[in-house]
Amino acid sequence: GNSVTQMEGPVTLSEEAFLTINCTYTATGYPSLFWYVQYPGEGLQLLLKATKADDKGSNKGFEATYRKETTSFHLEKGSVQVSDSAVYFCALKSQAGTALIFGKGTTLSVSS
Amino acid sequence: GAVVSQHPSRVICKSGTSVKIECRSLDFQATTMFWYRQFPKQSLMLMATSNEGSKATYEQGVEKDKFLINHASLTLSTLTVTSAHPEDSSFYICSAREGQNYEQYFGPGTRLTVT
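Same order as they appear, the protein sequences are chains L and U. Numbered by the working numbering, the letters in the first sequence go through residues 51 to 162 in order. Numbered by the working numbering, the letters in the second sequence go through residues 546 to 660 in order.
Read the hints as simulated data drawn from the structure, not as lab findings. Please read these numbers as outputs of a predicted model, since none were measured by experiment. Beta carbons: idealized from backbone N, C-alpha and C, even for Gly. Keep in mind that a hint or two might mislead.
Quick list of simulated restraints, FRET-style, between CB atoms [stated by the list, open to error]:
| id | chain 1 | residue 1 | chain 2 | residue 2 | range |
| --- | --- | --- | --- | --- | --- |
| 1 | L | Gly59 | U | Thr625 | 22 to 28 Å |
| 2 | U | Glu597 | L | Gly79 | 37 to 43 Å |
| 3 | U | Gln645 | L | Thr62 | 39 to 45 Å |
| 4 | L | Gly91 | U | Thr562 | 38 to 44 Å |
| 5 | U | Ser550 | L | Thr55 | 28 to 34 Å |
| 6 | U | Glu648 | L | Ser129 | 26 to 32 Å |
| 7 | U | Phe636 | L | Thr55 | 20 to 26 Å |
| 8 | L | Ser161 | U | Gln645 | 21 to 27 Å |
| 9 | L | Lys118 | U | Ser550 | 21 to 27 Å |
| 10 | L | Thr62 | U | Pro553 | 31 to 37 Å |
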């Protein structure tokens, strides 16, 4: 079946450090891929998405590229800020499905 | 952007009682709503999908008689946990989608504690 695997957290970084959160997926066909962010006390928010191979999603300095050959969608940011501290979820939606399938989430803590 | 609210944000109930959680789309019509359950350090697990005016579709392993879902209007869905037990304690999250737009908007979640 379809599944998402993302790196275990927590990830602790200093401000302005480079961030990578790995995400790989298993799915048939060509799923759409997403990164969601959950700030403390808030609901999940869509951070970025990619709907086909080689697409790059980007938002707020974060980027992720849909790599069909490695079934990956790693999240990156060149210089993190304290305000980026949150839980990040990688997710997919299959071509035929309506619901999202989530990874376990990765907690990011950024200190000044 | 689209906003989804949940009420209550936290609830504590005694074992054997029922508790209702509301999910509302505040500025759009939610033709489809989803209910998820999240355990500590675990992923969001889809419980059920509901379309307005129709019976909910439950995921395998989710007891439909225990987790009653009603989606009676385009802005409101409710999840009722019946005869709650301590193992039902969890974080319940709803999301809503407008039409065939694939983007889901998430509520802030409800922390249920059953004592």
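Verdict for Ser550(U), Thr55(L) (Cβ pair) under range 28 to 34 Å:
32 Å, holds
Range hint 31 to 37 Å: satisfied by the CB atoms of Thr62(L) and Pro553(U)?
33 Å, holds
Beta-carbon spacing of Phe636(U) to Thr55(L) - inside the hinted bounds 20 to 26 Å or not:
21 Å, holds
May I ask you to test the hint 21 to 27 Å on the CB atoms belonging to Ser161(L) and Gln645(U)?
43 Å, violated
How does the Cβ-Cβ distance of Gln645(U) and Thr62(L) compare with 39 to 45 Å: does it lie in that range?
40 Å, holds
Falls inside 21 to 27 Å, the C-beta gap from Lys118(L) to Ser550(U)?
38 Å, violated
Quick check: does the Cβ-Cβ distance between Gly59(L) and Thr625(U) fall within 22 to 28 Å?
33 Å, violated
Given the range 37 to 43 Å, decide if the beta-carbon distance of Glu597(U) to Gly79(L) lies inside it.
Violated: the Cβ-Cβ distance is about 28 Å, outside 37 to 43 Å.
Could one say that the CB atoms of Gly91(L) and Thr562(U) fall in the range 38 to 44 Å?
26 Å, violated
Status of the given 26 to 32 Å range, CB of Ser129(L) versus CB of Glu648(U):
27 Å, holds
Comparing the model with each earlier hint shows violations of hints 1, 2, 4, 8 and 9; every other hint is respected.
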